[in-house]
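Chains as they are written, first to last, in the numbering used here: chain A, 1 to 338; chain S, 339 to 676; chain H, 677 to 1014; chain Y, 1015 to 1352.
Note that these hints are calculated values from the structure, not bench results. A portion of the hints provided could be inaccurate.
So these bits of chain H aren't anywhere near chain A, every CB distance computed over 12 Å [as the list claims (entries may be wrong)]:
no., residue
1, V758
2, K771
3, R792
4, G798
5, F816
6, G835
7, S903
8, E920
9, F925
10, V1010
11, G1011
In silico BS3-like pairs for lysine-lysine, Cα to Cα no more than 25 Å straight-line [claimed, not checked]:
no., chain 1, residue 1, chain 2, residue 2
12, Y, K1092, A, K319
13, S, K457, S, K415
14, S, K415, S, K615
15, H, K754, A, K6
16, H, K682, A, K77
17, A, K70, Y, K1291
18, Y, K1291, H, K696
19, H, K696, H, K682
20, S, K615, S, K659
21, H, K995, S, K416
22, A, K319, A, K78
23, S, K615, S, K416
24, Y, K1333, Y, K1133
25, A, K70, A, K203
26, S, K657, A, K6
27, S, K534, A, K196
28, H, K682, A, K70
29, S, K433, S, K416
30, S, K344, Y, K1092
31, S, K433, S, K540
32, A, K6, H, K995
33, S, K408, Y, K1122
34, A, K95, A, K77
35, A, K319, S, K540
36, S, K534, S, K408
37, Y, K1333, H, K682
38, H, K746, H, K879
39, Y, K1122, Y, K1133
40, H, K682, H, K784
Glycine included, each C-beta is placed from N, C-alpha and C at the ideal position.
Protein chains: 4
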Amino acid sequence: MIIVLKREATQGEIDHIVKKVEQLGLRSMISRGVERTIIGVIGDEAIVRSQPLEVYPGVERVIPVLAPYKLASREYKKEDSVIPLSPTVSIGGRKIIMFAGPCSVESKELLMSVGRTVKEAGAEVLRGGAFKPRSSPYDFQGLGEEGLRYLREVADETGLLVVTELMDPRDTELVERYADVIQIGARNIQNFNLLKEVGNSKKPVFLKRGMMATVREFLLSAEYIISHGNPNVILCERGIRTFETATRFTLDLNAVPLIKRLSHLPVVVDPSHGTGKYNLVGPMAKAAVACGADGLMIEVHPNPEEAFSDGEQSLLPRKFKELMSELAPIAASVGRTI
Amino acid sequence: MIIVLKREATQGEIDHIVKKVEQLGLRSMISRGVERTIIGVIGDEAIVRSQPLEVYPGVERVIPVLAPYKLASREYKKEDSVIPLSPTVSIGGRKIIMFAGPCSVESKELLMSVGRTVKEAGAEVLRGGAFKPRSSPYDFQGLGEEGLRYLREVADETGLLVVTELMDPRDTELVERYADVIQIGARNIQNFNLLKEVGNSKKPVFLKRGMMATVREFLLSAEYIISHGNPNVILCERGIRTFETATRFTLDLNAVPLIKRLSHLPVVVDPSHGTGKYNLVGPMAKAAVACGADGLMIEVHPNPEEAFSDGEQSLLPRKFKELMSELAPIAASVGRTI
Amino acid sequence: MIIVLKREATQGEIDHIVKKVEQLGLRSMISRGVERTIIGVIGDEAIVRSQPLEVYPGVERVIPVLAPYKLASREYKKEDSVIPLSPTVSIGGRKIIMFAGPCSVESKELLMSVGRTVKEAGAEVLRGGAFKPRSSPYDFQGLGEEGLRYLREVADETGLLVVTELMDPRDTELVERYADVIQIGARNIQNFNLLKEVGNSKKPVFLKRGMMATVREFLLSAEYIISHGNPNVILCERGIRTFETATRFTLDLNAVPLIKRLSHLPVVVDPSHGTGKYNLVGPMAKAAVACGADGLMIEVHPNPEEAFSDGEQSLLPRKFKELMSELAPIAASVGRTI
Amino acid sequence: MIIVLKREATQGEIDHIVKKVEQLGLRSMISRGVERTIIGVIGDEAIVRSQPLEVYPGVERVIPVLAPYKLASREYKKEDSVIPLSPTVSIGGRKIIMFAGPCSVESKELLMSVGRTVKEAGAEVLRGGAFKPRSSPYDFQGLGEEGLRYLREVADETGLLVVTELMDPRDTELVERYADVIQIGARNIQNFNLLKEVGNSKKPVFLKRGMMATVREFLLSAEYIISHGNPNVILCERGIRTFETATRFTLDLNAVPLIKRLSHLPVVVDPSHGTGKYNLVGPMAKAAVACGADGLMIEVHPNPEEAFSDGEQSLLPRKFKELMSELAPIAASVGRTI
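Kindly produce the complete structure, drawing on both the sequences and the hints.
Written as structure tokens, this is what we have:
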């Protein structure tokens, strides 16, 4: 932690700060420049971080030196985390993992038809929402437990795994019962009690970046989960909110190589939510693979005209198959399989 | 709802859309321009809104005509909502209501000292967090029920009311037991199950705008609460996230007069969180009153150097008193009291 | 300047950096913490700022300590700058200065009619664009020199001063001939050659914040002008671009008290462009005065239905008069006149 | 153009609008819905666009139907524009074109060394700034004409073409004399006089997206150039400004496939400026190729530690060569060469 003092800071003010630092069990080092004096605080930064040093008289600015997350950081763990989703499937290794399925679970028939196609095309995990976060109270809110049951049945019959969203801490056991991977949605990225809840789960967590979350906050939310005991966190970039309205969100692919440097956790990209437009899904999926994504989450629906939600960003099963074959050579170009 | 067709849309595609519209029990009206054909959909827009019309062949763009919220809209209710917080205090009328207190509840002594001062200075509601949403798992997370109890005791002794944050649907009854007004924090603006929960409560809800929520989404979240049975929603602008990093957030005062036109609900401004800097709190509080805010929420702490959270944006009790006296003539200038 | 090293930085890397710092004529001070070593660079920060120290082996991050602007800073000049616009009118003192008029100069008659009303209502400066920056090549581009002539004639007849935009360095002398204050528009905030040009002018400069400019960049653009010899810079907040689309821009009033702390220059607010909606102009004008603005720029048009540009954000002359009388008590509340 | 009326709009207000529309030589079509009446305006939308219809009594909202740009649109020209840069090199076809070189021209020796390497590695165009837009007046501002001369000499000797930035309309002839392609920088995206100037040039224009420009505004700026007579516009995505500060900008790759749908113009991606970090340049360059970019602009410097500007985002010549060989199979995967 570095404390930059105001130009006019007095010796009394400096002494006051140094004393406070010592009371916290830390050491300080004073450096007098031409225009400013700076105090370096040496010791565990976590201790100082929660102190409102900015309000001390004479202080102009406080600059943290370390990232506020530890367990999620590449510094803490040098090698990539490879997270098992089942005895045979894991993410974070050489193989790029595909999560595919409809936005919402609508009926068992539809889910089965999508499940069969995506499995055949090479997907490993079936996605589908049983609990749907919808910005309007008048929109379809999901089938609830019935939807979870369909997901499990279709996955078991087709040889897929299940990822589905948990929205409410009271549903944790229910979702755990049906899902292989628990998804935390973008709108719950800072629902800290929900993060603690899945931090206590044995199931891997699929954590979607909030539309307003910085990469730093995204990794802090992962830290919540890991620090509560669950190291199996998969990060998913799904678009941030910017001034641009021509796309639903701005899919931030920069986050992929950036997070791979800052953290050891696997990174998945969701170009369906990230762009909101089915005809941008293919190009952005390719781009995601090219820049190092460990997986993709893609919405597939046999009849987008009739989808209960997000029809405008879903691929037809046929288009999903085509995309899979187009992704293979790009994956190979960056030393991966798909 | 207006459907703009692609230049090259065929008659068959137009017929297909018209048929779909009729199946939904609505009427359509076709208008052929020089460069585009447009289909106006007449009838209940809520029915069409959830249809993914954008994926229909021939469709270029779908434009909703009405706002997606109803009960929260000024159109639904012309006159300002005046919301009772207690038998003697209400918000939305001529008097500007002050919500003041520390960021977190830290101890009963401290809370009592702050409570006494803010009451004396003219505040009606004591704020203080018992459950704290903190972006780092290593930061102070609040005193929980103990904090709620202190809030109630201090409020009762000083003649204040209590507003405090509910973060978890499992704590609803607990918070209701102690609080007069239930706060939903910015990070939970789209925690829809929590919104439904307080929609079933008898207590007024203090809903903070998410740092990434558009005014439209903010009003949709209010709609969730109202449509579940609780009409007593107080909206609070507390800063949005922008590219500017010199302030913690960008307090968006434009939202005050804008929401007053779009909705009948009262609007409070929180310049403490909105700016993150104690020396900007005063000027922005004045500006909020000048542009029509119905209330202010302000953080007050007797010793910001020792605050457990947000010390850098808290006012000293003495400064809060000064601010109150500076606000009075501005309130008078816009026909209000404080 | 503070250089934070990577955890694994070697002694050789540290020596390499220290040597570089010494070659620049500066001193370095090494501070070894538990997790990181930090090098403080002592001496003129401007020298180090342009060095790409981030690419040196072993370096994790480089943190500047000082603001990159000097002449524009409050540290350089403690007291408020009071800038003379004419022998009798100046800005930055107790009196709040009003800049009012139509968006574009359309005809002499119209300008005269607006000029008379705003003068009568208490405005000091007539605004109006002769050269218009329009995002579409098919929109009205301004009357050019004819417009400048009308501005001068109306100002002289009514006793107002003239502020008008300079868009092209080739027009500098022309605009100087007619205007009392030269406006640099938001889209030219980083048109550095234009900034240098007005830095050589004897006329005061009215510099509008770019819709994407941070406060730091805004002050750096002012620094360009001052460092080229013209200290008379008036800063104007006119709305930034954010994710919110309900208003044309997000008028950032936080910038007013923030800039007043960081800089000695006067700050004007333009709620017409900042909100893009005539019914938000009044409330935001009041808020601007309440939070410390030194002036306001407001668009006035007698017949917004027929305006060549920005009709939707113009006030009727009658409404402008009303606003002036509503602003007076707010100005008085903050110790100002208008 | 669609005009949505207020719920309470009167027949008199409707008649007033219809009359105005007819005076403009257009037709209107009234559609009365359950909650709103809508007026469709039929005829040339450009005529209505500049009318401030929003201020007419009874009007709630005005919605344009068509994009405001024409000549730049895919609708105007179905097939991709292939733009000749020289008799033998063109962009927009099957071959992906590489623009590479240092940020600034610093010396002839350095430029020659970079030029030789990038040519050898497969680049077609040498980049380098002779006039530098720098946010601080105290930073290196470029070598001016001397820099232009070096660019030309190195290009001629190595068999490359030259792209370089024009910042000032007064330098147009000078830059045209030395450059094959004229660059308009991000900060000048709405410097409309400069756009008109290059609209009159015979040389192709390399137009960089502003950090705050929507795709719509970006295409409108291209429209300025084309409508003044120069159809040879190359668009360059180089990062937008968002709330994320971990990268210098947020490179918006979504814009690539989106613009390819909306426009016939070629799209280049600049991952050096777009990310501001040399270790993200490679992954994002690969992603750009994968999602359909027609070219890449990449900063290369033999000694980033000594670069006069942007050293932290420059690749070493050796790394540029490696990248070129890594890009080749990705280009092949999407049916392109490089």
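Hint check:
no.: 1; hint: V758; verdict: 24 Å, holds
no.: 2; hint: K771; verdict: 30 Å, holds
no.: 3; hint: R792; verdict: 40 Å, holds
no.: 4; hint: G798; verdict: 36 Å, holds
no.: 5; hint: F816; verdict: 25 Å, holds
no.: 6; hint: G835; verdict: 42 Å, holds
no.: 7; hint: S903; verdict: 18 Å, holds
no.: 8; hint: E920; verdict: 9 Å, violated
no.: 9; hint: F925; verdict: 10 Å, violated
no.: 10; hint: V1010; verdict: 25 Å, holds
no.: 11; hint: G1011; verdict: 25 Å, holds
no.: 12; hint: Y:K1092 to A:K319; verdict: 23 Å, holds
no.: 13; hint: S:K457 to S:K415; verdict: 33 Å, violated
no.: 14; hint: S:K415 to S:K615; verdict: 37 Å, violated
no.: 15; hint: H:K754 to A:K6; verdict: 14 Å, holds
no.: 16; hint: H:K682 to A:K77; verdict: 15 Å, holds
no.: 17; hint: A:K70 to Y:K1291; verdict: 23 Å, holds
no.: 18; hint: Y:K1291 to H:K696; verdict: 22 Å, holds
no.: 19; hint: H:K696 to H:K682; verdict: 18 Å, holds
no.: 20; hint: S:K615 to S:K659; verdict: 18 Å, holds
no.: 21; hint: H:K995 to S:K416; verdict: 23 Å, holds
no.: 22; hint: A:K319 to A:K78; verdict: 38 Å, violated
no.: 23; hint: S:K615 to S:K416; verdict: 37 Å, violated
no.: 24; hint: Y:K1333 to Y:K1133; verdict: 14 Å, holds
no.: 25; hint: A:K70 to A:K203; verdict: 21 Å, holds
no.: 26; hint: S:K657 to A:K6; verdict: 22 Å, holds
no.: 27; hint: S:K534 to A:K196; verdict: 22 Å, holds
no.: 28; hint: H:K682 to A:K70; verdict: 15 Å, holds
no.: 29; hint: S:K433 to S:K416; verdict: 20 Å, holds
no.: 30; hint: S:K344 to Y:K1092; verdict: 14 Å, holds
no.: 31; hint: S:K433 to S:K540; verdict: 23 Å, holds
no.: 32; hint: A:K6 to H:K995; verdict: 46 Å, violated
no.: 33; hint: S:K408 to Y:K1122; verdict: 67 Å, violated
no.: 34; hint: A:K95 to A:K77; verdict: 21 Å, holds
no.: 35; hint: A:K319 to S:K540; verdict: 50 Å, violated
no.: 36; hint: S:K534 to S:K408; verdict: 16 Å, holds
no.: 37; hint: Y:K1333 to H:K682; verdict: 22 Å, holds
no.: 38; hint: H:K746 to H:K879; verdict: 21 Å, holds
no.: 39; hint: Y:K1122 to Y:K1133; verdict: 16 Å, holds
no.: 40; hint: H:K682 to H:K784; verdict: 66 Å, violated
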